[in-house]
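Chemist: Chain by chain, the residues run as shown.
Number of protein chains: 2
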Amino acid sequence: MRRVAVAGVGKTPFGAFADKDIRTLAVEAGQKAFHNAKTGPEAMQAFYLGNFAGPQFTGQNHLAPFISTALGMQGIPSTRCEAACASSGAAFFQAWMSIASGVYDVVMVVGVEKMTSQQTARVTEILGGAGDGPGEIRVGSTFPSLFAMIARRHMYDFGTLPEHLASVAVKNHENGFLNPDAQLRKIITLEQAVKGRPVADPLNLYDCSLVSDGAAAVILCAEDRVKEFTDKPVKVLGVAQASDYVGLEQKRDITTFDAVRAAAQQAYKMAGLGPRQIEFAELHDCFTIAEIIAMEDLGFVERGRGGFFSFEGNTRRVGSMPINASGGLKSKGHPVGATGVAQVVDVVQQLRGEAGERQLERHSIGLTQNLGGTGATCVVSILGAN
Amino acid sequence: MRRVAVAGVGKTPFGAFADKDIRTLAVEAGQKAFHNAKTGPEAMQAFYLGNFAGPQFTGQNHLAPFISTALGMQGIPSTRCEAACASSGAAFFQAWMSIASGVYDVVMVVGVEKMTSQQTARVTEILGGAGDGPGEIRVGSTFPSLFAMIARRHMYDFGTLPEHLASVAVKNHENGFLNPDAQLRKIITLEQAVKGRPVADPLNLYDCSLVSDGAAAVILCAEDRVKEFTDKPVKVLGVAQASDYVGLEQKRDITTFDAVRAAAQQAYKMAGLGPRQIEFAELHDCFTIAEIIAMEDLGFVERGRGGFFSFEGNTRRVGSMPINASGGLKSKGHPVGATGVAQVVDVVQQLRGEAGERQLERHSIGLTQNLGGTGATCVVSILGAN
Chain A
613 MRRVAVAGVG KTPFGAFADK DIRTLAVEAG QKAFHNAKTG PEAMQAFYLG
663 NFAGPQFTGQ NHLAPFISTA LGMQGIPSTR CEAACASSGA AFFQAWMSIA
713 SGVYDVVMVV GVEKMTSQQT ARVTEILGGA GDGPGEIRVG STFPSLFAMI
763 ARRHMYDFGT LPEHLASVAV KNHENGFLNP DAQLRKIITL EQAVKGRPVA
813 DPLNLYDCSL VSDGAAAVIL CAEDRVKEFT DKPVKVLGVA QASDYVGLEQ
863 KRDITTFDAV RAAAQQAYKM AGLGPRQIEF AELHDCFTIA EIIAMEDLGF
913 VERGRGGFFS FEGNTRRVGS MPINASGGLK SKGHPVGATG VAQVVDVVQQ
963 LRGEAGERQL ERHSIGLTQN LGGTGATCVV SILGAN
Chain B
613 MRRVAVAGVG KTPFGAFADK DIRTLAVEAG QKAFHNAKTG PEAMQAFYLG
663 NFAGPQFTGQ NHLAPFISTA LGMQGIPSTR CEAACASSGA AFFQAWMSIA
713 SGVYDVVMVV GVEKMTSQQT ARVTEILGGA GDGPGEIRVG STFPSLFAMI
763 ARRHMYDFGT LPEHLASVAV KNHENGFLNP DAQLRKIITL EQAVKGRPVA
813 DPLNLYDCSL VSDGAAAVIL CAEDRVKEFT DKPVKVLGVA QASDYVGLEQ
863 KRDITTFDAV RAAAQQAYKM AGLGPRQIEF AELHDCFTIA EIIAMEDLGF
913 VERGRGGFFS FEGNTRRVGS MPINASGGLK SKGHPVGATG VAQVVDVVQQ
963 LRGEAGERQL ERHSIGLTQN LGGTGATCVV SILGAN
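Protein sequence lines correspond, in order, to chains A and B. Residue numbering for the first sequence follows the working numbering, beginning at 613 and increasing consecutively. Residue numbering for the second sequence follows the working numbering, beginning at 613 and increasing consecutively.
Since the hints were derived computationally from the structure, they do not count as laboratory data. Careful, some of the hints might be misleading.
Any copy will do: because identical chains look the same in the list, a pair fits if it lies in one copy or spans two.
Unchecked claim - As a list, the in silico SDA-like pairs of lysine to any residue whose alpha-carbon atoms are at most 20 Å apart: (1) Lys-632 - Arg-750; (2) Lys-839 - Lys-863; (3) Lys-881 - Tyr-716; (4) Lys-881 - Val-715; (5) Lys-881 - Ser-713.
Using the sequences plus the hints, can you model the full thing?
Modeler: Below you can see the structure in the form of structure tokens.
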């Protein structure tokens, strides 16, 4: 298989934008990526879109050609990939494969979600579509309640404390405060985070990510052509996708996600690297407990020790393993279908040394981990600076 | 790129099945494909799902792992592709690429739609999601009205008559009558078809395809491994996907679809064949006019002559170019997300000589054409018997 590189990236700010529809957001991100790669629509040979619930939030389906034609692309294959909150991770994986295979040289992948709409009152129901409808959702589970069960079990099994969860939120808010594109730029204290308004015990308001609008775009190309587009090429060293049961009660163990472990293992193998070589990461902190479990499943820390590791400050920007320097889903925002590609954009900006005030000291190898549902889909990518 | 073959196929009957949910349908088709290929879930390296509007019809999203795990697959990448009524054509295209690229050897692709549900009253609105929401749909267009405009223009430009449209319906009903899996097994006369209840003039009830539940599955594999699975291998000779503007008013000409022409051209080139070498085809007759235009865009007949060609009987099973020997979307049924893969299954059954009473005399090279919206997506595949 051919080696693949990142030719350009772009993204919109994340937030609640009453004046921007789903296409406007996606086009803004795509045009920024064209600009960043000093290229245009005529150079693209395929278009992949990651989107979770556009039809339900906006009424518009068939979104891939709807968006690609607005970006000036016509005639090429335009395909939407859906895999819950890992939709644009899945689109990124297909886009990577289409180049690694030799079918295409240059491909655009965009992730987008428009969650504030006339349907926002239904957001918990719509997000519930990522769970097991006839099973857990029918009996009243919601995503906060599912992750609350996961958190409760992690506390029981490993002694994880509310302060450990809170430390994830405090750190991600601290990082997002420095990110001009973040949705919630607000420093919070550990005490505030521990005493947040209850959502689904033990999770409170500060343990939950946001309802957001936003889009992100990446242009991928064959590595031997990347110099045409950028002086700061980034290599895709490894990437993998894996899946698992959708229903939480079907899993063998709810404090570890097999799909994350499988995807990580394959991505590490492809990159010829292990967790010790990863310098920083963007992880899927849809809830604080998810970031803790991700660190464990990715091998950054021993199983059960994620909460302690976070509480000790190791995942801060100045720590030994900076996690979510962007602010993560918690502070940066979580337009679900955009998140996977946005993580790639964030890692690319770090690798290029273009992350502004949140720039990390070590920035030559970064990882992204994008989760769908309670771990039924996971996409892991490992990116390296030239 | 590696050559790809069909290892096995399966599908459910199409119809309105109050007792079968979306997962049950997909699993039934998938299990039949396993049986047909004398294999099981453990041999699959990736899973692609084509589905258009499952979340809206059923509330269930994240459908790829929801279905793949029910079929016994865990750990592998499970991805849903959406491209309106060409969703499973798009999934088939990605599945093909994943093997042609050398990434995987054996992959399952399933298409499914469950259209009869508590949301069926909203079917016109949900299908409208495949059109241009802020443009044509907002002002009251529906898919029957959009295709009515296309038909009206084709009549004006080329002298196509209501009897020409009706001849498509009569022929597809004649074929579907012989298909035990077809939804509407009913012979109709030309007079009946011309005098059907008006839907959107000049289209009447007999010009419109059906609201259906159903699923279809194909197992693809690297050609050099196909003998492990079947004694009747079918080769994927060519396959291509293309896209175009979603809104009808954005197209340069509404009686020809650029995406169909582009996909056909690429698929012919890959196969090293032209329209004259195609012996039979399954075309996307969501409306009778769509079958007529598809024949023209694929080069089976001169532009503007599709209606005459059909009326003269050339597309019947005994004609020079049999079209939709399965009964097509008109009689077989049109569970939108299942249609693209179902067309492949129908062609494979013909190529293998397993099409029962509707078996064609010449059956060594067949073509499928799967359309999304009013031509914003098209997938064309060319399949050949060994």
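Chemist: Take the hints in turn and mark each one as holding or not.
Modeler: Each hint, compared with the structure:
no.: 1; hint: Lys-632 - Arg-750; in the structure: between (33 Å within a copy, 17 Å between copies)
no.: 2; hint: Lys-839 - Lys-863; in the structure: neither (45 Å within a copy, 36 Å between copies)
no.: 3; hint: Lys-881 - Tyr-716; in the structure: between (24 Å within a copy, 16 Å between copies)
no.: 4; hint: Lys-881 - Val-715; in the structure: between (23 Å within a copy, 14 Å between copies)
no.: 5; hint: Lys-881 - Ser-713; in the structure: both (18 Å within a copy, 19 Å between copies)
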